[in-house]
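Dock chains B, C and D against the given chain A, drawing on the hints supplied.
4 protein chains.
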Amino acid sequence: MTSGENHVKHASNKIKVGILGTSGYGGAELLRRLARHPQVEISGIGSRQFAGQKLGACWPQFAGDFPNLCFTDADKVIENSELIFSAAPHGQATHWLKKALESGKRVIDLSADFRLSPDDYQQWYHMDHPYPELYSRSVYGLVELHREELADAELVANPGCYPTTASLALAPLAAQGLLGRDIIVSAASGVSGAGRGPSLDLHYTETNENFRAYNVAGNHRHTIEIENTLGRISTMGRKLKTHLPFERPIISFTPHLVPMTRGILASCHTRPEKAVDEAELFELYRDFYQDDLLIIVSEELPQTKAVYGSDRCIISVRFDPRSQQIIALATIDNLGKGAAGQAMQNFNLMHGFEETLGLALEGVWP
Amino acid sequence: MTSGENHVKHASNKIKVGILGTSGYGGAELLRRLARHPQVEISGIGSRQFAGQKLGACWPQFAGDFPNLCFTDADKVIENSELIFSAAPHGQATHWLKKALESGKRVIDLSADFRLSPDDYQQWYHMDHPYPELYSRSVYGLVELHREELADAELVANPGCYPTTASLALAPLAAQGLLGRDIIVSAASGVSGAGRGPSLDLHYTETNENFRAYNVAGNHRHTIEIENTLGRISTMGRKLKTHLPFERPIISFTPHLVPMTRGILASCHTRPEKAVDEAELFELYRDFYQDDLLIIVSEELPQTKAVYGSDRCIISVRFDPRSQQIIALATIDNLGKGAAGQAMQNFNLMHGFEETLGLALEGVWP
Amino acid sequence: MTSGENHVKHASNKIKVGILGTSGYGGAELLRRLARHPQVEISGIGSRQFAGQKLGACWPQFAGDFPNLCFTDADKVIENSELIFSAAPHGQATHWLKKALESGKRVIDLSADFRLSPDDYQQWYHMDHPYPELYSRSVYGLVELHREELADAELVANPGCYPTTASLALAPLAAQGLLGRDIIVSAASGVSGAGRGPSLDLHYTETNENFRAYNVAGNHRHTIEIENTLGRISTMGRKLKTHLPFERPIISFTPHLVPMTRGILASCHTRPEKAVDEAELFELYRDFYQDDLLIIVSEELPQTKAVYGSDRCIISVRFDPRSQQIIALATIDNLGKGAAGQAMQNFNLMHGFEETLGLALEGVWP
Amino acid sequence: MTSGENHVKHASNKIKVGILGTSGYGGAELLRRLARHPQVEISGIGSRQFAGQKLGACWPQFAGDFPNLCFTDADKVIENSELIFSAAPHGQATHWLKKALESGKRVIDLSADFRLSPDDYQQWYHMDHPYPELYSRSVYGLVELHREELADAELVANPGCYPTTASLALAPLAAQGLLGRDIIVSAASGVSGAGRGPSLDLHYTETNENFRAYNVAGNHRHTIEIENTLGRISTMGRKLKTHLPFERPIISFTPHLVPMTRGILASCHTRPEKAVDEAELFELYRDFYQDDLLIIVSEELPQTKAVYGSDRCIISVRFDPRSQQIIALATIDNLGKGAAGQAMQNFNLMHGFEETLGLALEGVWP
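Top line first, the protein sequences correspond to chains A, B, C and D. With the numbering used here, the residue at position 217 of the first sequence is 612, and numbering never jumps. With the numbering used here, the residue at position 222 of the second sequence is 617, and numbering never jumps. With the numbering used here, the residue at position 156 of the third sequence is 551, and numbering never jumps. With the numbering used here, the residue at position 121 of the fourth sequence is 516, and numbering never jumps.
You may find that some hints are simply not true.
Since the list gives no way to pick out one identical chain from another, each pair is judged satisfied if it fits inside one copy or across any two copies.
Said to hold, decoys possible - Below, computed lysine to any residue pairings styled on SDA-like, alpha-carbon distance capped at 25 Å: (1) Lys493 x Tyr526; (2) Lys449 x Tyr609; (3) Lys494 x Cys465; (4) Lys669 x Pro644; (5) Lys493 x Gln517; (6) Lys634 x Leu688; (7) Lys411 x Gly447; (8) Lys500 x Glu477; (9) Lys669 x Gly575; (10) Lys449 x Asp682; (11) Lys449 x Glu695; (12) Lys449 x Phe677; (13) Lys449 x Leu688; (14) Lys634 x Asp547; (15) Lys409 x Glu750; (16) Lys449 x Leu595; (17) Lys669 x Ile645; (18) Lys449 x Asn610; (19) Lys409 x Phe748.
Calculated directly from the structure, the hints in this document are not laboratory data.
So here's chain A without its partners, still in its complex pose:
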């Protein structure tokens, strides 16, 4: 059997799972999903800032849950766990993840540390990659495109939120050779994508009733992740391998900040070389994602609220005969499919569980 993805493992012994960086939003959302996963035992939650304190000291939404669960240091989390999720910011947990891998634990890293080759990492994150040898053992965890190589992964690099959205929106076009010379990705995110650390920029009164672009003109680090995925598809087709060579396109990526808590919408424009019509595009998209439970190809334009608190991605596509542009649109919850949800999807895949086990399907509407 090549992959366990369609088989529910009825484990009598639950998997011991630890989380690093549990005081960030990604960590909290992992914990909420793990708490309802029937095959999981929470074996440790790490946080430098809250070490020694109870879960409730950090997170009001867990009031009354896990009354005996305390934050510990990373060593203890790793020691007690079979699999480690890291939701710490990039550059902060690589040392621990190396230790975890060395002691035979599997790792799912939600940060950017293992998403890029050491060269790209240096260029976009302005620091040398600390463990280039680990990069070569990692698998890029964009599930729908890398599913085959993820089942046996020991180290998963969980994709960024914008790259998940834009890549899923454009993947069928890339596979079909429909990307034109210019690829314009205009995307907008709720504020939780920027994390929990307070700053003047994200202070309530400065952000409420305020819409703005940021990191314009090729400055956002997620640009290269999107380019990598589109390049891999153009080179390899549907089933991607993280470490095979590929040629990559250049995109223009313009992110915006929306005065809302959650949600990303990417509106992607490209002008294909050959003529298309909208019905063909829908057929293409439906075929491409026919086996993907978390991808909804919808005739309705996607809206972020439909995936609030959900781990799905909703995609639609249009063709504008006047300007000859294809407009591909996708939405996810940046903390769901854009972070914790996709990490859990990877977790399920790595253990042969049903891919949606413990995940949230329907969005919290209204």
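The following block gives chains B, C and D in isolation, referenced to the frame of chain A:
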């Protein structure tokens, strides 16, 4: 089995459950909870407006779910179901609920139709109660206070959102004789409490960045529900019976509208006749709710976000020695514990399931 | 005299100004500006819906103002006024505006009725233009580009909110021949752009925490207005004439709805044929707008909050050397420079007043 | 002539006005109002953090204004000015204000430093008052109640935002002896009341979609200000003197935080000893405020949006015959009438200008 086992279904004989009024927010939230309940089969969804259309035509968050589920008329929902939830507005479904009860189905009504005696109903809703004889067979579904009589109920009157919040905040004080001459309930709700029907008052641009009181000075219909529950507790103590006689106090209830989607917070003030201290109050509250899984007594002041999308109630209490006022505060999600969550809690109780099965515990934070 | 002299009135002969469509947001914002204009007397406010009622019945923000001002029918407004603003939706006031013009009054129309040639109007608004002969007498009121011909205008077609934003963002590029083959305008608006009429789509709970695209793929009526202005500039340069012939480009315009009340941001992408650098672009923009008091060319990226309640436009520009794209960004308050503010600017220009008289300069921050 | 309040001074020489604490919201709102005041010259803006930088470095809404205005240190602001506004937090500018007063400048302090007697200051702010002798020279700047003594004031203590709202709501009742044994003030504020300093509590994602009480049970420092004003009215009637003796009542004040930027609503409950009816109450309120241009007594319930960006206060009142409670409700913009607007009103009064000169009357709606 915990409430989290939302995707593994073991039962061979699931309960056939239908929903009336599925095009409103209460209906949608019931459906979202029922979809992950392991002992339930959705046997019908009713909506006059959407009859004949697919679920997705009404609700973007269910995109891709239940692809074959269509709205039907109420008769068909009732015919195919063993238990009927009604999320239709008051006065609109009583006829169908009567038919359901006559054919031996159990009913959980989220509207106000069976919450009040026919006299009170006439006074507060300005219409004659259509079926006074059914009222006498109903049980008031405020679970923590009526649990004993709910297990065998055939017709449950699910409480209003404000009454749930304020009653749970004040219940321990009522039980202990600590309610003073004046009881001031100042409460505030997110906008979803007003339903899905568009109106100028609730148009986005008129409501955003706007905080206002409404139905001030004894005009809100939920006033009498709160008075009933406090009166029953003062008369009967902890375990309430819907149809025993009781004396009721008068409260001053001032509701406010908050520019947010979900959540209610009640801040209740009363000046007890006898001296109290805050530590005693916390002991009283913790004892009172010690067996209630969905009630969290917290030293931290409650905040609505902690129960966003959750079916819990978080309560805290303070004593102000300067003004001699007790301030009791509680928060719920008006669509969770204030509507669909409590209805599901009633459902579980009526079938002997674990009370939190299919419910949402942790809030969606941030 | 500065724009701030809002309470000291010197003129003995004020201009009698009437408003049609005063029960919409554009009308209310006109009234707020006219109330502080030292050279204006409000001579009538029209509203079909509120005719005979006092101003306060419609608008809470005017509580206590103009205690004797009542809504009347359009005939009376026109009869008593020297100049008529119309803030009624397109297609609803043309009949009255014709009458006003015939009796020698000047007109500023905030609707789309006189913005397009009869042919374009028919194509984009799907109705025959009722008075093609009036179109030929109108001037397109995008002040910074049409200033010369506006001073003597008898009928001003006040531009749409998106066209104002995108045209001002791209005008210097058009003038310099820097627009490439593809012009992608991705823009986002607060909800007030959709007017005051309640609908499910714009109900608070459906719109809050929701970001979405709409009218994707060439369907939005503002597309043609942007194309007209860019075409005129490419043909005529800096000083535009509404009725001279021109060639127009095709753009791809994708509007989005932001969960906020006010504000538009346009992020425009184009890839010029010739090489540019960012410093040159800034010089170009500063030169182009050097005499325009309401246009701020800013090195900081524009954000909508900076123009909340203001009549200014803030513009910035970037060049991405990787993708060779110029990204031009502009923000306005859709009810300010995007509607009532620009209409007032036109009014001042038509009467030889200082252009910013009665306008709001600084945004209401936070 | 006893007071200059009704006479517009046509100064040929504008008053030189400086602001300390200009990098906070109060300072920015002062600057916006001063910029449009015809009798004012901005002579200096102070900020420790931004000293030496241009205005635009701190405030995006002033982009393009005062291109040569730089932040300086406090000494320079004082030296160049005839009147000093201080918008610095309490305890931070008293030293400078003393120097300003000593050199004969007039001072309007928006902080709490001169609002309370040294004893009360010590008790509520937990620090010794640095200059008790200055307190005795200060006037409490709640304009409508202290107008007579404000005209000649050299040091004005501008009231807090909650005290302004609650005091104006309850003043007519206090004057008429209608305050009962218990006075419950439940109030809610937009987030800008907490200032511009970022913190986890006020981070966008933690505050959005979150309603909560804070400083419950007599802990909020504004409590004593409200009690002082109600006590003064009960003792002195309509025209208050800051330094006459008075008896004060005790109130129960419960503030809440609303997920919005601006606005305060106070809902005040008290049960009078003698019977009242609602019509009498409205007559009482209208008489009490008949000469106050910024107070609107409205039959409609007040809503914060109606005063967004405005310097008015809207008040309404109800009587609940069931509970015998009077409910008095008032709304202001916390940065308008609750801070900068009232400070400007004081400024006008102190110089014999029209009281509303430079102020904002109509709210920014929507």
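Numbers of the earlier hints that this structure fails to satisfy, in rising order: As far as the earlier hints go, not one is violated by this structure.
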